[in-house]
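Top line first, the protein sequences correspond to chains A and B. Position in the first sequence (first residue = 1) + 69 = my numbering. Position in the second sequence (first residue = 1) + 2 = my numbering.
There may be inaccurate statements among the hints.
In silico DSBU-like pairs for lysine-lysine, Cα to Cα no more than 35 Å straight-line [to be verified]:
no.: 1; chain 1: A; residue 1: K85; chain 2: B; residue 2: K338
no.: 2; chain 1: B; residue 1: K217; chain 2: A; residue 2: K223
no.: 3; chain 1: A; residue 1: K92; chain 2: B; residue 2: K546
no.: 4; chain 1: B; residue 1: K217; chain 2: B; residue 2: K201
no.: 5; chain 1: A; residue 1: K691; chain 2: B; residue 2: K338
no.: 6; chain 1: B; residue 1: K546; chain 2: A; residue 2: K85
no.: 7; chain 1: B; residue 1: K203; chain 2: A; residue 2: K216
no.: 8; chain 1: A; residue 1: K607; chain 2: B; residue 2: K122
no.: 9; chain 1: A; residue 1: K131; chain 2: A; residue 2: K87
no.: 10; chain 1: A; residue 1: K691; chain 2: B; residue 2: K546
no.: 11; chain 1: A; residue 1: K343; chain 2: A; residue 2: K191
no.: 12; chain 1: A; residue 1: K131; chain 2: A; residue 2: K79
no.: 13; chain 1: B; residue 1: K149; chain 2: B; residue 2: K98
no.: 14; chain 1: A; residue 1: K92; chain 2: B; residue 2: K544
no.: 15; chain 1: B; residue 1: K4; chain 2: A; residue 2: K607
no.: 16; chain 1: B; residue 1: K122; chain 2: B; residue 2: K133
no.: 17; chain 1: B; residue 1: K472; chain 2: A; residue 2: K87
no.: 18; chain 1: A; residue 1: K808; chain 2: B; residue 2: K544
no.: 19; chain 1: B; residue 1: K8; chain 2: A; residue 2: K808
no.: 20; chain 1: B; residue 1: K338; chain 2: A; residue 2: K92
no.: 21; chain 1: B; residue 1: K283; chain 2: B; residue 2: K4
no.: 22; chain 1: B; residue 1: K133; chain 2: B; residue 2: K472
Keep in mind that the hints were calculated from the coordinates and are not lab data. None of these values were measured; they are calculated from a predicted model.
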Amino acid sequence: MSQHLTLPNKNDRIRKVKDQVAKYGVSAGGLMVLAALLMIFFYLLYVVYPIFEDVEVSHESKISVAGQQHNYALGLDEHVEIGYRFTDQPSLEYFSLVEGKLGQTILNKTFDKLDSVSTFAKSSPHQGLFAYGLSNGEAFVVQPKFKISFPNDKRFTEPRITYPLGEETITLDEAGEAIEHLAFSVSEEGAGFLFSTASGVKYQYWVAEENFMTDEIEWQSETVELDGLGSDIQALHISPDLSRAFVVQSKQLNIIDIRDIEEVEVKYQVSVAKADEKVVASTLLSGANSIMLANDQGIMSQWFEINGEKGPELIKAREFVTDNKQINGLFSEFYRKTFFATSQNGRLGVYHTTSEAYLFDEVVTENAVNNFAIAPRSNAALLETDKGFELIRIKNKHPEVTWSGLWQEVWYEGYPEPDYIWQSTSASDDFESKFSLVPISFGTIKAAAYAMLFSIPIGLAAAIYTAYFMPSSVRSVVKPTVEVMEALPTVILGFLAGLWLAPIIEENLPGVVVLMLAVPVFILLTAFAWHSLPAKIKNSLPEGYDCLILIPVILAVGYFSFEFSPVIESAYFGGDMRLYITDSLGIDFDQRNSFVVGIAMGFAVIPTIFSITEDAVFSVPKHLSQGSLALGASQWQTLVRVVLLTASPGIFSAVMMGLGRAVGETMIVLMATGNTPIMDWSIFQGMRTLAANIAVEMPESEVGSSHYRILFLAAFVLFIFTFVFNTVAEFVRQRLREKYSSL
Amino acid sequence: MKSWFKSGSPWIWMTAGAVSISLISVIGLLLLIAWRGLSFFWPSAIHQFDVQQNGQNAVVIGEVYDREYVPTTRLIQAGVDTKGFKGEEIERLLIKTGNREYVDLDFRWILRTDIQTQTKPSGVAVFERSKNGNFYGFVSQIIEDGKTIDNPSNEQLEELIERAVNFNEEALDLQNGPIGSINYRLERIRLEERALELKEKLTPEDSAAFNQERKELKANYLELEKELFNLRKLAERDFVIVKDMRGEQVRIPLSQVLDVTFPNDMSFITKAGRFLIQVSKFITDDPREANTEGGVFPAIFGTVFMVMLMAVIVTPFGVIAAIYLHEYAAKNAVTKVIRIAVINLAGVPSIVYGVFGLGFFVYMLGGSIDELFYPEASPSPTFGTPGVIWSALTLAILTLPVVIVSTEEGLSRIPSSIRQGSLALGATKAETLWRIIIPMASPAIMTGLILAVARAAGEVAPLMLVGVVKMAPTLPLDGNFPFIHLDRKFMHLGFHIYDVGFQSPNVEAARPLVYATAFLLVSVIVALNITAIGIRNHLREKFKSLEH
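Based on the sequences and whatever the hints tell you, model everything.
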């Protein structure tokens, strides 16, 4: 018989296999939950990680170009296929950067009509203009361009040369003196030239006017001489929008207002070097709000104008200190606030001003760097040494983000002092993004704090009463009712808070304040009245129905508070409490403020706290409380000294869970506040939280950009925040459960 | 008194007060939403006010939309003349006057003190229009096919409106049905051709075939277009002349009129009937005027579709995970870690899921799918952009813990004697699970599913990142092959509330609609939750009897 049973038959084997398959399948399914959580964690990290990556610089190729003339400037196209150089021939030569054709000349244009070259100038990188200053006082503006076409679906870049001010030279110095230094910019309205000759510094403004008769564009110029500048001129700079010009001398910086040609003058001068220092290089940062200076002691400094007490003043916002005393050039990027420092000893430094980051500083070539050009996409650079050209690749995706920049005060361009600011986008390309997570983290904590202030007392008290005093018949109705609240979509709570509650609170502010004070008072009064009633009436109501008496009392208090609100308002606050607050107390008042958020989000959190606390209190073994009561303790004493003490870990975990929920809540904050990232604890002002910030900005952020990754970082911070809260809460709860089971 | 305080009884009353406050707020909130949401559908009376403001007389006709009390002092500060009125407050009425294209503002505040007379004139007609909102006025003439009829009966007017509405509907059906299909087909052809071209397999014969089909479709299209214009022309035949509150005769084309009512002449029963009609219209109509009018059908459809898709994804995973935790997992550290993972999945803010969904599902997964399977559509993304499938997947992770917790609770209520009995009779563990345990736990699974659906239906924040839009031109389900379009964006009730309530240009006009939408959403979610709680309680009772 037993033999028969254990005989392996085919059917049994299949069943056994099925059993095993089910076992492993189900186990895999169970582990998948863990996998999902880990995947979220690591994916967020994976997206965030690149913002903290170091800058990488690698050699691509050495390029030798025929004819070793002196070169004034270099440049590259957007796809790093073609380079160009302005030589002293004077000529503009395009050469290939593509492997296999390295250094081959593609186009060589000689400007043979020009007089001998005395100086050379470049405009801001994104304008891409270059000018020769000639020894007969003339100048010649050239713009290298690239035309991209797609024959046969393959990209083909073709160099072009254009002359924005015409193919003829323009006369800058009427006296015909040689141009020694030159800076210029061409905007839509006109062109400005700042130049120096042996006899001084002059500013010339060219304006284009269309001729009525011939429709031809005619250029007209006006020249102003600038007094009070010595001869020791290091460099000249001009902002692309023709509002400011800078004359850099070895010890001082002169700021010139050029907005109105009638009133061009040296506004003020700033000393920029100590006795033993000398300015050796300078450049305007992208956006032209800051000027960078490097001195012979290896210190680079950023200067920008702020509105000080006595009008505009130029201040030094920060310094980059290095031990490199041989810096010979500063170069800024096209659109970001990164700048490069080249030096005699072949060292290349890469820095970012906003994030105050020393991104890179190493020897990249054995020879002195004479010339340098950064590619438009900032992914490569062309440098010229005594031995020829070198092409280097630069991987520098997110220079504007550093851990300290996210959490510390940063001095932004044009701001009077360092500050925490979140301002991620703007219309202009060269906008200085302000990524400080401090104001939005602060907003998150503020919102959560106000919500907890409202929800902890009510949630805990209600849970304790429901679990400990309420008869089970009432409890079975009350508990699900409060728990239905948890299921309410937060979008509805947010909508009611923003469109219904906020105006009500604004209109009836005194009433709301009275209500909050009056409710506890009236509860106590009712309790005392009830206590004083004859026992006969008291006993007619079963125990645990007390809260039903309180419902009409609270409703009545609420009604009268709102009825008397206008009376109080006209009696004490001149008819308008809101005006009183803003005018007399000097506190800003937003309609959608922290108070509204506190109530609305408190609502969302109450059921979480209520539900877990209620479970914890209810599951305290009955023999503990009964023992206490039997020993003569009152109900309240038993509750406080025995029940709550035993349930305290559960209550703690409830508060943690509630906090976790308040921190991550999105829709309520999004709808019930103005979403302004300010740092102020005021109850009458709004805030912007991490979660709301993500919801507002994520759909607009460009995939892979620093902004996109910082928003992922915000999500990651939220994830870690709630992970800690929930894990601690769950540990405590599991411990509690084990403790009860032993009791 | 002192001993009373010492007894601790006041503090017990305070805790009772907290319960009362919670109950008042929950029930108050639900009543508020229900009242505001439902009163939107009730035909409200149209008042005629003779107003004297700043010495000027005017007639205002409209619904009383809102009322508030303003302290007199505030009005005096604002420079309002309150002579001859004593008292702390003055009532102020917000009147919805409609007729948007003829007045500056279709909402107007009127002080009670400025109102000379207030009447409810009989015969005021409310025209619901497809453009520019409601129109209030007295019907004076109708122009039927060029013939003018003076003082028409209401039935005549209603008949003509019905005629125009029918033609308009026919035109709309034509546009969305056959014409939509042709456009869809044309786009498919373009993509098919491009796909062949990319694979370098496009032969001249293929091209010719494509062009032939295109030609046929275009010819077909022209025919349908003619029909469409014809229908529109038929709908535009009639007009109605209405005297508005300025006393001017205004000509309204009936093709723009959706409905006419005479609320002041309605009995309670007709009003109730009207109420039901309005409710059904709200549920079945498409939104109009940038979502601020009309119905919410696409949002209901989108929500239900997405939630169903999510349920299909989440159920198997959730149930398997619960079975693992309860039936297979050993009592070791791994199990503990998994439990903590479940709790954490439940506690992670929903917006984080949205961020994850956007990065991982949409850009990474969707982007790869596009590269592999839809190169012909590039650079415009197919799956590499937010869509209904990604929303469903994201919410599936979000609701996974709900299903797990609920299923596990159900499993733990099944007495172990049943398992042991099954095993003793020679069944393997898998067979016991499949034949005995899961069928017994199915109500618990159902509960978990319902709770998950309720949670998903109310979630908005992650959807804003992974697929919801304010206005979706097409539903994710239609008559064009392959019928279910998982890559499409969709509308959602919760997002509709946010969008209409906070992003729409005319928040005041849209507010009742937002309340109605909120009521719809809340009632669905509360109903789902109550069902789930009911099933769970029933289940507990059932197993209680099994144990004894």
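Status of the hints after comparison with the structure:
Proposed proximity of K85/A and K338/B is supported: the alpha carbons are some 29 Å apart, at most 35 Å. Only pairs whose Cα atoms come within 35 Å are accepted, and K217/B paired with K223/A is accepted, the gap being roughly 32 Å. Distance hint between K92/A and K546/B is fulfilled; the C-alpha atoms sit about 29 Å from each other, no more than 35 Å. For a cut-off of 35 Å, the pair hint linking K217/B to K201/B stands: about 24 Å separates their Cα positions.
A hinted pair counts as satisfied when its Cα atoms are at most 35 Å apart, and K691/A with K338/B qualifies at roughly 29 Å. For the hint linking K546/B to K85/A, the alpha-carbon distance of about 34 Å falls within 35 Å, and the restraint holds. For a cut-off of 35 Å, the pair hint linking K203/B to K216/A stands: about 32 Å separates their Cα positions. With a CA separation close to 52 Å, the supplied pair K607/A and K122/B exceeds the 35 Å bound.
Taken as a hint, the K131/A and K87/A pair is broken in the structure, with Cα atoms around 66 Å apart against an allowance of 35 Å. A distance of roughly 21 Å separates the Cα atoms of K691/A and K546/B; the hinted pair therefore holds under the 35 Å criterion. Our distance criterion of 35 Å between C-alpha atoms is met by K343/A and K191/A, whose separation comes to about 29 Å. Restraint check: the Cα-Cα separation between K131/A and K79/A comes to about 74 Å, which exceeds 35 Å; the hinted pair is violated.
Between K149/B and K98/B, the direct Cα distance comes to roughly 33 Å. Compliance with the 35 Å bound is thereby established for this hinted pair. With a C-alpha separation of about 29 Å, the suggested pair K92/A and K544/B falls inside the 35 Å cut-off, and the hint holds. Between K4/B and K607/A the CA atoms are separated by roughly 20 Å; this keeps the pair inside 35 Å, and the hint holds. The suggested pairing of K122/B with K133/B holds, with an alpha-carbon distance near 26 Å, which does not exceed 35 Å.
Taken as a hint, the K472/B and K87/A pair is broken in the structure, with Cα atoms around 49 Å apart against an allowance of 35 Å. For the hint pairing K808/A with K544/B, the CA-to-CA distance comes to about 29 Å; that is within 35 Å, so the pair holds. Of the supplied pair hints, the one linking K8/B and K808/A holds, its CA atoms being roughly 32 Å apart against a limit of 35 Å. A distance of roughly 19 Å separates the Cα atoms of K338/B and K92/A; the hinted pair therefore holds under the 35 Å criterion.
Simply put, K283/B and K4/B have alpha-carbon atoms about 64 Å apart, too far for the 35 Å limit, and the pair is violated. Taking the CA atoms of K133/B and K472/B, the gap is near 19 Å; set against the 35 Å cutoff, the hint holds.
Hints 8, 9, 12, 17 and 21, counting from the list given before, are not met by this structure.
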